[in-house]
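Sequence order for the protein chains is U and B. By my numbering, the letter at position 186 of the first sequence is numbered 186, and the numbering carries on one by one without gaps. By my numbering, the letter at position 144 of the second sequence is numbered 144, and the numbering carries on one by one without gaps.
Be a bit skeptical, because a hint or two may be false.
Identical chains share a label here; the pair holds if one copy fits it or two copies do between them.
Claimed, not checked - Heads up, simulated EDC-like pairs for lysine to aspartate or glutamate below, C-alpha to C-alpha not over 16 Å straight-line: (1) K271 with D308; (2) K330 with E319; (3) K271 with E206; (4) K330 with D160; (5) K271 with E98; (6) K148 with E206; (7) K330 with D203; (8) K292 with D308; (9) K148 with E319; (10) K292 with D38.
Calculated directly from the structure, the hints in this document are not laboratory data.
Protein chains: 2
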Amino acid sequence: MTETVVVGTTTWGTTLALLLARNGVETTLLSRTQVERDTFLRDGENRRFLPGFTFPAALSISCDCREAMRNVSLVVIAVPAVTMRRNLAGICDHIPHEAVVLSATKGLEPESSKRMSQVLEEALPSHLHGKLCALSGPNLALEIAQGKYTSTVIASRNRDAASLAQRLLMSPVFRVYTSSDVVGVELGGALKNIIALGAGMADGMEAGDNGKAAFICRGLAEITRLGVACGASPLTFAGLAGLGDLIATCASRLSRNRYVGEQIARGRSLKEVLASMKNVAEGVPTTASALKMARSLNIEMPITEAIDSVLSQGVNPREAIARLMVRPPKPEWDDVG
Amino acid sequence: MTETVVVGTTTWGTTLALLLARNGVETTLLSRTQVERDTFLRDGENRRFLPGFTFPAALSISCDCREAMRNVSLVVIAVPAVTMRRNLAGICDHIPHEAVVLSATKGLEPESSKRMSQVLEEALPSHLHGKLCALSGPNLALEIAQGKYTSTVIASRNRDAASLAQRLLMSPVFRVYTSSDVVGVELGGALKNIIALGAGMADGMEAGDNGKAAFICRGLAEITRLGVACGASPLTFAGLAGLGDLIATCASRLSRNRYVGEQIARGRSLKEVLASMKNVAEGVPTTASALKMARSLNIEMPITEAIDSVLSQGVNPREAIARLMVRPPKPEWDDVG
């Protein structure tokens with residue numbers, strides 16, 4: 001019998017399972033098929049998504065959802081946003097009544113533009129709604145697997161639920177803060193990818209550190225405006241799940257969204273870049289979703305508009321940035337929502 | 001007769017003079033000696049501090065302060081913090097009564113820990129106090145000289161003074177925002193160097209992008225707390241003069257403070273690193289000043305304490321970071337001042 005189940009066997013889910021098990025928390029990584037389970041057991045690692053990181057003793061592998069979920073106190077869900085609803089349909093009947101459900105997925109549901117906790121509330125039975133949590137922050141999975149210092153935020157409207165998840169995940173190299181701002185933590189993780197696309201464009205056109213820093217900074221102001229209009233706290237966007245994640249994503253060679261922006265600025269088409277990638281760049285659909293939200297809420301988002309003009313209308317990134325630079329200047333914060 | 005005088009012939013002053021003159025603003029760069037003036041005129045550039053950037057036609061060189069200041073509407077001061085008071089003594093009698101005086105110096109006065117505008121108020125005649133401005137932001141000088149996209153903030157309690165400086169400095173590659181928060185803009189530029197020292201340490205110990213991002217993020221929260229206690233607006237710290245400058249400094253190979261931290265984490269002593277540098281690393285004295293201020297205002301600054309323990313007590317950076325990671329976790333924003 002284990003204490004925790006992790007749903008999602010790509011890099012992120014595997015990393016979180018590793019983290020829990022290294023803390024001595026009895027953890028089951030729920031594999032999708034019997035074949036996958038057997039491969040994991042044979043290899044003693046997830047060779048496809050996280051090669052080189054041996055499963056700790058406290059990590060079990062199972063493809064029997066009912067059995068794996070029995071009596072667990074925490075269910076961690078780390079599946080792509082696009083498959084969240086489908087995954088929940090397969091597990092929702094097996095989650096114990098008292099369990100805390102923690103979403104570690106960054107991104108919005110395509111089409112609906114819903115946050116993951118909104119999808120959870122729609123897909124899970126109501127007795128689980130009171131203990132939903134969301135995790136986000138500057139959390140490049142590979143670095144966590146390598147045991148490098150990392151901090152994150154777990155948000156919940158239920159303080160006890162957040163504390164339970166915090167207690168299980170916290171370690172001397174993984175620092176967990178708690179927050180009550182679920183909307184902010186989820187939107188921070190999703191919206192920052194828009195700015196990462198733009199920061200990648202700045203990299204691709206060799207704009208320099210001044211320009212990239214200003215871009216990140218004004219970009220954060222803009223996604224904060226949208227987040228606040230959606231009910232988030234501005235402090236969350238100034239914290240690990242907003243600013244922190246944004247800095248890590250915009251700096252890292254590992255970020256897919258940054259990479260897409262960089263390649264476009266070097267002259268490749270969006271279609272060509274996306275076709276060459278194994279993984280989804282969540283920022284592309286998120287840019288369109290954010291613009292839709294901004295228009296309906298009457299929020300000004302000039303940077304997001306500029307990125308969208310590059311992505312969806314093929315505007316040259318240099319031209320898009322040049323347009324941003326010559327808008328009539330204002331006091332720095334007069335336009336804060 | 002020129003419109004603007006720039007005081008300060010190191011890299012930063014020369015860059016600002018270039019920027020103004022490229023905008024077609026008739027500008028005088030005030031040189032310290034006749035020999036320096038003659039060298040500038042002969043070379044057509046500042047070969048020592050900004051080699052390779054030819055003086056534009058609108059840039060004059062003078063070592064006659066009285067003559068240079070005659071009828072100018074803007075005096076830009078870009079001298080090291082440590083020599084600010086001495087420099088002002090030499091020019092204060094020549095500044096026209098109606099001129100706007102803009103400080104572009106980042107850093108606090110050593111010993112007194114005063115901001116540059118406080119030093120200006122003490123050193124300049126009172127009829128000039130109403131039009132003082134401070135400029136700060138992610139402004140690596142070399143990139144500005146190269147004509148790369150840059151944004152900055154000019155703060156003043158006098159909106160017309162800030163607008164005049166904005167109008168003269170703004171260009172399609174140099175975007176100027178205005179602000180009324182002089183304290184915040186000045187403290188952002190000074191305090192961010194503390195965090196840059198720590199970010200350099202993270203680089204030197206190869207802590208990774210997660211850890212560095214979390215460090216920058218929590219560091220910003222901490223210097224914001226101090227700034228707010230000193231009367232600054234938290235929004236300024238979330239803006240170009242706080243966050244923006246912090247991101248550029250922590251990312252750039254050009255930052256001296258980041259470099260100092262990196263070298264210490266690689267095992268060199270502070271004394272040895274400082275002795276090997278031509279320029280001052282303002283973050284070192286600023287760390288001590290900030291701690292003094294924090295203690296007198298009863299503000300908690302664990303990151304600044306950790307950096308100070310490395311700088312002044314020779315604590316190993318790894319040990320200092322490890323101590324930060326295991327402090328009892330709190331809700332992310334409960335400790336905001």
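Against the structure, the hints:
1. K271 with D308: within (14 Å within a copy, 50 Å between copies)
2. K330 with E319: neither (21 Å within a copy, 45 Å between copies)
3. K271 with E206: Classified as neither; 22 Å inside a copy, 35 Å across copies.
4. K330 with D160: Between copies only: 13 Å across chains, 44 Å inside a chain, cut-off 16 Å.
5. K271 with E98: For K271 and E98, the Cα distance exceeds 16 Å both inside one copy (45 Å) and across copies (58 Å).
6. K148 with E206: between (29 Å within a copy, 9 Å between copies)
7. K330 with D203: Neither: 26 Å inside a copy, 36 Å across copies.
8. K292 with D308: Within one copy, since 11 Å is at most 16 Å while 47 Å is not.
9. K148 with E319: between (39 Å within a copy, 14 Å between copies)
10. K292 with D38: neither (44 Å within a copy, 60 Å between copies)
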